[in-house]
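Residue numbers (this note's numbering), protein chains in the order written: chain A, 1 to 54; chain B, 1 to 315.
These are calculated hints, taken from the structure and not from any lab test.
The beta carbon of each residue, even a glycine, is placed where N, CA and C say it ideally should be.
Accuracy of the hints is not assured; some may be wrong.
To be verified - Straight-line alpha carbon distances no greater than 25 Å define the calculated DSS-like cross-link-like pairs of lysine-lysine that follow:
#1 B:LYS153 x B:LYS111
#2 B:LYS42 x B:LYS29
#3 B:LYS157 x B:LYS279
#4 A:LYS51 x B:LYS235
#5 B:LYS45 x B:LYS13
#6 B:LYS287 x B:LYS188
#7 B:LYS298 x B:LYS93
#8 A:LYS42 x B:LYS188
#9 B:LYS282 x B:LYS272
#10 A:LYS42 x B:LYS235
#11 B:LYS91 x B:LYS42
#12 B:LYS235 x A:LYS46
#13 B:LYS68 x B:LYS42
#14 A:LYS42 x B:LYS279
#15 B:LYS188 x A:LYS43
#16 B:LYS7 x B:LYS45
#17 B:LYS315 x A:LYS23
#18 B:LYS235 x A:LYS43
#19 B:LYS91 x B:LYS157
#20 B:LYS157 x B:LYS282
#21 B:LYS315 x A:LYS29
#22 B:LYS144 x B:LYS157
#23 B:LYS282 x B:LYS315
#24 B:LYS140 x B:LYS153
#25 B:LYS20 x B:LYS70
#26 B:LYS287 x B:LYS157
#27 A:LYS23 x A:LYS34
#28 A:LYS43 x B:LYS315
#29 B:LYS272 x A:LYS46
#30 B:LYS315 x A:LYS36
#31 B:LYS144 x B:LYS111
#32 B:LYS306 x B:LYS287
#33 A:LYS43 x B:LYS272
#34 A:LYS34 x B:LYS188
#35 A:LYS43 x B:LYS279
#36 B:LYS315 x A:LYS34
To be verified - If we take Cβ atoms under 7 Å as the criterion, some of the chain B residues that face chain A in the derived model are:
#37 ALA191
#38 ARG194
#39 TRP195
#40 PHE198
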Amino acid sequence: MEFVGLEEDRLHFSWISSAEAVKFADVAKQVAEKVKVLGPNKKFVKRYPTKDTE
Amino acid sequence: MDAYTDKIKEISKKILSEGKVDVVIGFRKGTLGYMSEPYMAKSEKEAENLVFDCNCRMNLVNYVTNRKDKVGIVVKGCDSRNLVTHIIENKIKREQLYIIGVPCTGLADKKALLDLAEGEITSVEDDNETITIKGDGFEKKVAKSDVLQSNCKTCIKRNPVIFDELAGPEVAELEISDRFADVDEVEKMSADERWNFFGELLSECTRCYACRNACPLCYCPTCFVDESRPQWVGKSDNETDVLTYHFLRAFHDAGRCTDCGACEAACPMDIKMRYFTRKTIKDCVEKYGSEAGMELDKRPALDQYKINDPNEFIK
Numbered sequence: 001m002e003f004v005g006l007e008e009d010r011l012h013f014s015w016i017s018s019a020e021a022v023k024f025a026d027v028a029k030q031v032a033e034k035v036k037v038l039g040p041n042k043k044f045v046k047r048y049p050t051k052d053t054e
Numbered sequence: 001m002d003a004y005t006d007k008i009k010e011i012s013k014k015i016l017s018e019g020k021v022d023v024v025i026g027f028r029k030g031t032l033g034y035m036s037e038p039y040m041a042k043s044e045k046e047a048e049n050l051v052f053d054c055n056c057r058m059n060l061v062n063y064v065t066n067r068k069d070k071v072g073i074v075v076k077g078c079d080s081r082n083l084v085t086h087i088i089e090n091k092i093k094r095e096q097l098y099i100i101g102v103p104c105t106g107l108a109d110k111k112a113l114l115d116l117a118e119g120e121i122t123s124v125e126d127d128n129e130t131i132t133i134k135g136d137g138f139e140k141k142v143a144k145s146d147v148l149q150s151n152c153k154t155c156i157k158r159n160p161v162i163f164d165e166l167a168g169p170e171v172a173e174l175e176i177s178d179r180f181a182d183v184d185e186v187e188k189m190s191a192d193e194r195w196n197f198f199g200e201l202l203s204e205c206t207r208c209y210a211c212r213n214a215c216p217l218c219y220c221p222t223c224f225v226d227e228s229r230p231q232w233v234g235k236s237d238n239e240t241d242v243l244t245y246h247f248l249r250a251f252h253d254a255g256r257c258t259d260c261g262a263c264e265a266a267c268p269m270d271i272k273m274r275y276f277t278r279k280t281i282k283d284c285v286e287k288y289g290s291e292a293g294m295e296l297d298k299r300p301a302l303d304q305y306k307i308n309d310p311n312e313f314i315k
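Based on the provided sequences and hints, a complete structural model is requested.
Below, the structure written as structure tokens:
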């Protein structure tokens with residue numbers, strides 16, 4: 001996905017067991033922090049035509 | 001090339017008359033001078049129509065999927081690797097096949113031929129070195145190396161990896177210095193540049209699915225783009241839907257693609273969708289040291305697990 005132009009910090013992978021609540025919370029926090037820096041996603045968003053764009 | 005054609009005819013007639021196969025899947029001259037089309041010869045008489053030349057751009061492995069009869073098939077180096085993948089994935093049994101291997105010196109790029117022509121092309125002759133384009137009131141000779149399809153320029157296996165009989169003597173394999181130069185070029189761009197590059201690349205796509213239909217790897221009974229329950233991806237020519245289709249197709253082919261070039265050759269809009277599949281090939285070679293379809297006892301890279309598989313991307 002990075003190859004096609006998605007920002008590096010947009011996509012995250014992690015392996016978390018259902019018993020690893022703390023790890024889940026940590027990863028979620030890290031992901032949120034990184035994505036906040038990037039701002040709202042503009043790529044790969046499907047937009048339907050609206051009155052403004054027509 | 002005439003020598004190949006004669007030999008293919010000879011072998012086909014022999015195996016059809018001996019009852020070794022029920023059908024030979026090969027090529028015959030197309031209605032356009034610069035195209036050869038897939039052809040199924042079921043009798044010795046029909047085998048007379050078989051040809052092989054630099055216009056045989058389709059991958060015939062596409063036609064053996066799930067067949068129950070005994071099949072003779074003409075394969076180039078790249079196609080033979082797809083045949084190996086087919087056997088590994090239980091789409092056909094080795095015993096059902098009589099493989100006529102063609103040591104391949106490359107195919108001519110359809111667009112390059114059309115650009116050179118000064119009118120309608122009536123025939124394209126190929127003697128492995130020079131290509132002669134004939135048409136209405138013109139005749140042109142070009143070196144084959146100048147009009148090769150781009151996948152043939154970076155071909156790693158010109159001789160078939162699996163065959164029962166060869167249609168000619170084996171040819172020397174290419175020495176390629178920079179196999180993934182095109183992919184490297186894209187990787188050097190910034191994320192935004194890449195996004196724009198691919199948006200531009202696919203802007204002409206009409207979602208005709210010719211690339212999927214030409215591909216021997218795309219044999220799912222219902223393709224994800226045709227599924228409506230659930231509907232994974234929109235069916236319109238909306239930019240995001242088009243991107244989704246091409247990205248996902250590349251992921252499905254990852255580790256299995258042999259870069260045969262049938263997808264690009266089939267595309268009516270001349271879209272270079274091999275950028276995506278070639279990236280997956282590059283990753284499989286670099287990360288797993290694996291080339292698709294080289295050995296019968298080696299499963300595709302993403303179809304097996306090794307303890308030392310790279311996994312830095314998982315946190």
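Going through the hints against the structure:
{"no.": "1", "hint": "B:LYS153 x B:LYS111", "verdict": "holds, 15 Å"}
{"no.": "2", "hint": "B:LYS42 x B:LYS29", "verdict": "holds, 17 Å"}
{"no.": "3", "hint": "B:LYS157 x B:LYS279", "verdict": "holds, 18 Å"}
{"no.": "4", "hint": "A:LYS51 x B:LYS235", "verdict": "holds, 22 Å"}
{"no.": "5", "hint": "B:LYS45 x B:LYS13", "verdict": "holds, 8 Å"}
{"no.": "6", "hint": "B:LYS287 x B:LYS188", "verdict": "holds, 19 Å"}
{"no.": "7", "hint": "B:LYS298 x B:LYS93", "verdict": "holds, 16 Å"}
{"no.": "8", "hint": "A:LYS42 x B:LYS188", "verdict": "holds, 21 Å"}
{"no.": "9", "hint": "B:LYS282 x B:LYS272", "verdict": "holds, 16 Å"}
{"no.": "10", "hint": "A:LYS42 x B:LYS235", "verdict": "holds, 21 Å"}
{"no.": "11", "hint": "B:LYS91 x B:LYS42", "verdict": "holds, 21 Å"}
{"no.": "12", "hint": "B:LYS235 x A:LYS46", "verdict": "holds, 12 Å"}
{"no.": "13", "hint": "B:LYS68 x B:LYS42", "verdict": "holds, 15 Å"}
{"no.": "14", "hint": "A:LYS42 x B:LYS279", "verdict": "holds, 24 Å"}
{"no.": "15", "hint": "B:LYS188 x A:LYS43", "verdict": "holds, 19 Å"}
{"no.": "16", "hint": "B:LYS7 x B:LYS45", "verdict": "holds, 15 Å"}
{"no.": "17", "hint": "B:LYS315 x A:LYS23", "verdict": "holds, 10 Å"}
{"no.": "18", "hint": "B:LYS235 x A:LYS43", "verdict": "holds, 19 Å"}
{"no.": "19", "hint": "B:LYS91 x B:LYS157", "verdict": "holds, 22 Å"}
{"no.": "20", "hint": "B:LYS157 x B:LYS282", "verdict": "holds, 16 Å"}
{"no.": "21", "hint": "B:LYS315 x A:LYS29", "verdict": "holds, 13 Å"}
{"no.": "22", "hint": "B:LYS144 x B:LYS157", "verdict": "holds, 18 Å"}
{"no.": "23", "hint": "B:LYS282 x B:LYS315", "verdict": "holds, 23 Å"}
{"no.": "24", "hint": "B:LYS140 x B:LYS153", "verdict": "holds, 22 Å"}
{"no.": "25", "hint": "B:LYS20 x B:LYS70", "verdict": "holds, 7 Å"}
{"no.": "26", "hint": "B:LYS287 x B:LYS157", "verdict": "holds, 20 Å"}
{"no.": "27", "hint": "A:LYS23 x A:LYS34", "verdict": "holds, 17 Å"}
{"no.": "28", "hint": "A:LYS43 x B:LYS315", "verdict": "holds, 24 Å"}
{"no.": "29", "hint": "B:LYS272 x A:LYS46", "verdict": "holds, 23 Å"}
{"no.": "30", "hint": "B:LYS315 x A:LYS36", "verdict": "holds, 19 Å"}
{"no.": "31", "hint": "B:LYS144 x B:LYS111", "verdict": "holds, 14 Å"}
{"no.": "32", "hint": "B:LYS306 x B:LYS287", "verdict": "holds, 12 Å"}
{"no.": "33", "hint": "A:LYS43 x B:LYS272", "verdict": "holds, 21 Å"}
{"no.": "34", "hint": "A:LYS34 x B:LYS188", "verdict": "holds, 23 Å"}
{"no.": "35", "hint": "A:LYS43 x B:LYS279", "verdict": "holds, 20 Å"}
{"no.": "36", "hint": "B:LYS315 x A:LYS34", "verdict": "holds, 14 Å"}
{"no.": "37", "hint": "ALA191", "verdict": "holds, 5 Å"}
{"no.": "38", "hint": "ARG194", "verdict": "holds, 4 Å"}
{"no.": "39", "hint": "TRP195", "verdict": "holds, 3 Å"}
{"no.": "40", "hint": "PHE198", "verdict": "holds, 5 Å"}
When held up to the earlier numbered hints, the structure conflicts with none and fits them all.
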